[in-house]
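Participant: Guided by the hints, dock chains Z, V and W with the ligands onto chain G, whose structure is given.
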Amino acid sequence: MQRETLHRLLRDMMLSRVFEERAAEEYTKGNIVGFLHLYPGEEAVGVGVITAATPSDYIVSTYREHGHALARGVPARQVMAELFGRATGMSGGMGGSMHMFDRERRFMGGYAIVGETCPIAIGVAYSVMLKNLPEAVICFMGDGAVNQGTFHESLNMAGLWRLPILFVCENNHYAIGTEIHRHSAVPEVHKRVAAYNIPAEKIDGMDVLKVHAAAKAALDHIRRGGGRQFIECETYRYRGHSMADAGAYRPAVEVKAYQAIDPLSITIRNLELKYPTASELAKVGTDNIGKLTAHMLSEGHVEHEEIEALKQEVQKAVDDAVAFALDSAQPTMDDAWRHLTCNRHREILI
Amino acid sequence: MQRETLHRLLRDMMLSRVFEERAAEEYTKGNIVGFLHLYPGEEAVGVGVITAATPSDYIVSTYREHGHALARGVPARQVMAELFGRATGMSGGMGGSMHMFDRERRFMGGYAIVGETCPIAIGVAYSVMLKNLPEAVICFMGDGAVNQGTFHESLNMAGLWRLPILFVCENNHYAIGTEIHRHSAVPEVHKRVAAYNIPAEKIDGMDVLKVHAAAKAALDHIRRGGGRQFIECETYRYRGHSMADAGAYRPAVEVKAYQAIDPLSITIRNLELKYPTASELAKVGTDNIGKLTAHMLSEGHVEHEEIEALKQEVQKAVDDAVAFALDSAQPTMDDAWRHLTCNRHREILI
Amino acid sequence: MSQELLYWQALNQAMDAEMEADESVFTLGEDVGLYGGSYRVTEGLYAKYGEWRVRDTPISENSFTGLGVGAAIAGSRPVVEIMTINFALLALDSIVNAAAKIPFMSGGQFPMPLVVRVPTGVARQLAAQHAQRFESMFMNVPGLRVAVPATPQDAYWQLRQAVASDEPIVLLEHELLYFSKGEVDTLADPPPMHRAAVRRAGRDLTIVSYSRMAMLALEAANTLAKEGIEAEVIDLRSLSPIDFDTCAASVDRTHRLLIVEEDGKFGGVGGEIAASLGERCFFSLDAPVRRVAGLDLPIAYNGAIEAASIPRVPDIVEAARALHKSAQQ
Amino acid sequence: MSQELLYWQALNQAMDAEMEADESVFTLGEDVGLYGGSYRVTEGLYAKYGEWRVRDTPISENSFTGLGVGAAIAGSRPVVEIMTINFALLALDSIVNAAAKIPFMSGGQFPMPLVVRVPTGVARQLAAQHAQRFESMFMNVPGLRVAVPATPQDAYWQLRQAVASDEPIVLLEHELLYFSKGEVDTLADPPPMHRAAVRRAGRDLTIVSYSRMAMLALEAANTLAKEGIEAEVIDLRSLSPIDFDTCAASVDRTHRLLIVEEDGKFGGVGGEIAASLGERCFFSLDAPVRRVAGLDLPIAYNGAIEAASIPRVPDIVEAARALHKSAQQ
Ligand SMILES: Cc1ncc(C[n+]2csc(CCOP(=O)(O)OP(=O)(O)O)c2C)c(N)n1
Ligand SMILES: Cc1ncc(C[n+]2csc(CCOP(=O)(O)OP(=O)(O)O)c2C)c(N)n1
Ligand SMILES: [Mg+2]
Ligand SMILES: [Mg+2]
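For the record, the sequence lines run as chains G, Z, V and W. When we follow the numbering used here, the leftmost residue of the first sequence carries the number 1, and every step to the right adds one. When we follow the numbering used here, the leftmost residue of the second sequence carries the number 351, and every step to the right adds one. When we follow the numbering used here, the leftmost residue of the third sequence carries the number 701, and every step to the right adds one. When we follow the numbering used here, the leftmost residue of the fourth sequence carries the number 1030, and every step to the right adds one.
Bear in mind the hints are in silico, worked out from the structure with no lab data behind them. Among the clues, some could well be false.
Stated by the list, open to error - Computed Cβ-Cβ distance ranges for the label pairs, DEER-style:
id	chain 1	residue 1	chain 2	residue 2	range
1	V	Glu751	W	Pro1343	38 to 48 angstroms
2	Z	Ala673	V	Arg903	51 to 61 angstroms
3	G	Lys256	W	Gly1332	33 to 43 angstroms
4	G	His181	V	Ala1004	47 to 57 angstroms
5	V	Glu919	Z	Leu676	26 to 36 angstroms
6	V	Arg1012	G	Leu133	48 to 58 angstroms
This structure is a prediction, so every number in the text was calculated from the model and none was measured. Every residue gets a Cβ at the ideal spot worked out from N, C-alpha and C, and that includes glycine.
Isolated chain G (complex conformation):
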């Protein structure tokens, strides 16, 4: 893996974390209203997957998508401005936290109806097939979404027609207050996918390198015409379901245990590791970890100072985003009507 990619992974995760914590603050201040679902703890999934995509790939996401949009390269300013409901936001202030869209970046939206990403994403994939292009579609969903009928229906069609789509289940073990063992008869999501003739695997969603590698392999395979893939990423959200939820249904020991494997700290720790020399490594052989270590070594690792610099860069970006959002104009009623009729062109209806 390129040193550049490693840095990007780290930076995107940091940005997502800092962005979300700031969003929580702005929510408390009343600058952001409505439902706000935050991503801390799950950054390795979104960042690992989306950095593996090319600009020609498509992304379909849920209401927990700020980190996804940021990883896709949407400027923090536009993401924050959307949270503030401003005209400069990704969706012109019409969508808010749960409905971020960026057509140019093929960020096909955040959807707030659980399970809705599946049919929409297979539709995008179907369109890719019709156009016969080497493009892939990424479809995010939570563990709770797996029990929605649309998951089943859509995966069946994706499997049946071998659509160019990568399904990514962000399994954080909870659907709001309901733990996966209490909502799924078979809690191993990737096993359920066997019903659809879709290759599926489970990935450690706290490890951004593993997620990135799996997504990259899957997307390459898809773009080469291999069709539908599924990865289940086991992860954890550190906060409640949304700002309206204190998360009191989770044992404190569980939250603590997952905080100990914070994907950000792990990535930093990994990158900072003093690696063995190449000859030392050769002696160890090519076991899994060795392989990765060797790879990382050959690319070099980050210095402590670089991490500090990244932290500052990210903090600045978020501060700037908030300032931008605060400065931005509110959309008007005219804007709203214009958005509703945006596809009417000069069509005469009556």
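Facilitator: This is chains Z, V and W with the ligands only, laid out in the frame that chain G set:
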């Protein structure tokens, strides 16, 4: 198996066959209108399963349910009268072919929205659990229904809560004109059920004895508290999807091949077989077929004359049903309004 | 070039023309391909355009409609067939929560050239789960359009216009109209998609209707004419938007309004029409607006009860007569 | 015994009372159990009645609502909570095709003691997919009843009445009412479930409204009173059936009707009210029936646009004033 049961299986299958062929005739005459989905070819499934139920079990069925109602013991008169839309029909002429109900016999209805039987049946099963009774619910569905979201959602809940329910998939390989390989990414239905922690097996749906035995074992298990079971019965419909469909999408050789294994002829042939003596059998060993043969032998088999008598009995029942239906009164508008408000009792609404 | 066509044939030709003209147009639904469509609308297209552009789907209404939504935002032009309106309830999430909302909630970024074709209405003894109408459910959804062609010509025009439009449109096709016959001119310029048609001019009262009932209203008008009552018959052609201008102009002349609809009266389409025109034409109305509508009763299998549950020509005639009389007092 | 309760507490007490009185009553929905319900309506019930009677479900709206239908025909009395109306679209098949049809299409054999409780309405900046209303969708469904309690007392009464009834009922609870306060008398005899309440008497015009908007209409009436305009405010309490008698009696006295609804105007609830009362009170109306309603625009996330998209007290005051003036000309 009791000789009595064997005779009942044969009789119910014959009745279903003769009833349906007559219904087709009456449709052509205009006595039956609307959608009429017939059952010839699939009798071994409905008869095998339903004869395994006790009166305290519940049945939830589809729009292809005449044979199910007959096997449940609903008099042919009431089934035919419903097809004729008469007040004496199972549903007072309100439901017709697709909506036959018999509360007393716990025949909880025929439903015409594909996939709808699943949620309704798990609801009946949930109610059984609440009442803590040793009762089972039988839920029928077609192979096409498996792709409906409700199948997935309902089976997950049945598996999660171990509801007392037997799902029976009548896999006749077609959803109207679409063959199973063209509608399901994984055409082995019973394999898809692994996603829900529900024990599932595939049964030869052309063999009434096998179906009956599997259903009986499953239902006994359920009533003893073992919870949810699934059987996929492979079968075939000889006619088109409904009277409106000529079935031209199926190769003639396929239809012919399945006609050669007509479940009725097979049952009759089996019952008529000259069996080896017990000692001859003992020498053969206890292979599968041997076991069954031995069992049947010990119970005795039918004579050719008995079959003729059965045929006549069944024919008479169907003739009588048609006469009854023709003689019956039409429901009135008052009846219709009364049915709509049947649950209002003496409630004052406004 | 005018030919006599059945309604389904007109739709079939419109589909063919659009698919031929634009590669991004495709259709999908249960049995639309190999089978040729339950009402033959897609007949012949599978052989001509192949399985990717004429796609047989599993029985998964919400997801294959949602597939259409996704394809539409990715630049394709899907025509989804839902086998009947009764199953469209399963797909409302995709139609209402997704298709109708995405252009707006994305801040105007995405087109939504989605057409959802749906056979609907009371046909012949299909019973309660197969004889629903639900038109009004689609009206209270901003961002969605609803068209209700009553003639082969309109079926041809409106399907083509729907496919060409970048807004999501539900096309409701009455099941008993598929085998009705009419002249279809495939070259003539169509009127705007949502403009109402005055099917018959008259001075004594205005009958506003749509889809199959508009045809029954015409029959009723002919009967009424024999009694000297001249009814103007307006076929709305569209239920969202509704061409209230055409209706109001008529009512202002005739001073009486009768609405004929097949759906149940309570909460049905007629309520909106009566409310809007009742407000707008308040001072020109000589009598209360009347609605002849389906009974607020599920449709029974029994043929006689079914027939009595929706308006028949004599019901319309009688109501028009009563309205005409009351207005003269 | 009268106490001051929040709306959600009134519902909670009603649930508790019904569950205690009848073992066959149970409730289910997403996070109704351990979590206590998104709006706290089921708080405390899981600990008290156990997981079988207070069942947390997977996110499977159509099937857990259908589960309620099945349980109802098997003799239980389910109270299904759908987390919000927006997701109820996914469950319409179970509500409309199954619950509303089974008693009828079985020829009157089965009870359908199903209650579907649904938080609804425009709350605070939840955007287009979480701020819908859809009341009118449930009205055009014979066999279904729809109640819309606006006060804690009505919430208490109507939920208890709904559970006791053998007909399927959708209970629409406005999300902004859950934390409204009011006196609740748990021992008093309730009025019939679907009877409208005259919340304020007045001679100058009739305002018909329901749910949260009825409360806004009352506020508006107080402002109007200061100008000498006495508005009669009717809270419908039920949308199916609608108590038109109470409304008509009022309109016949005031000669003016203003309808206030939060849902979009086109194809909304107000259309049916205006149509029915417009016909019935035609000769006593001095001015056209007016509707103050939500805009026919999806709800934007932006707070100011959201607020401008549904009626506010000044909008009602202004419309009432204009109606009052026009009627005097
Ligand atoms: C169809 C539907 N039902 C219910 C909800 C309410 N809801 C929002 S998020 C959520 C839980 C989703 O859990 P999961 O899919 O695991 O995603 P996570 O929030 O954990 O990322 C629920 C029930 C919804 N938005 N849509
Ligand atoms: C939700 C829904 N979609 C479509 C239909 C139309 N339809 C009726 S039967 C049928 C095929 C069902 O196939 P299967 O489940 O295999 O049952 P079979 O008819 O073969 O017994 C279809 C598509 C329907 N009734 N309901
Ligand atoms: Mg989750
Ligand atoms: Mg089949």
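Participant: Hint by hint, say whether it matches the structure.
Facilitator: A quick look at each hint next to the structure:
no.: 1; hint: V/Glu751 x W/Pro1343: 38 to 48 angstroms; verdict: violated, 58 angstroms
no.: 2; hint: Z/Ala673 x V/Arg903: 51 to 61 angstroms; verdict: holds, 57 angstroms
no.: 3; hint: G/Lys256 x W/Gly1332: 33 to 43 angstroms; verdict: holds, 37 angstroms
no.: 4; hint: G/His181 x V/Ala1004: 47 to 57 angstroms; verdict: holds, 55 angstroms
no.: 5; hint: V/Glu919 x Z/Leu676: 26 to 36 angstroms; verdict: holds, 33 angstroms
no.: 6; hint: V/Arg1012 x G/Leu133: 48 to 58 angstroms; verdict: holds, 55 angstroms
Hint violations for this structure: number 1 only, all remaining hints satisfied.
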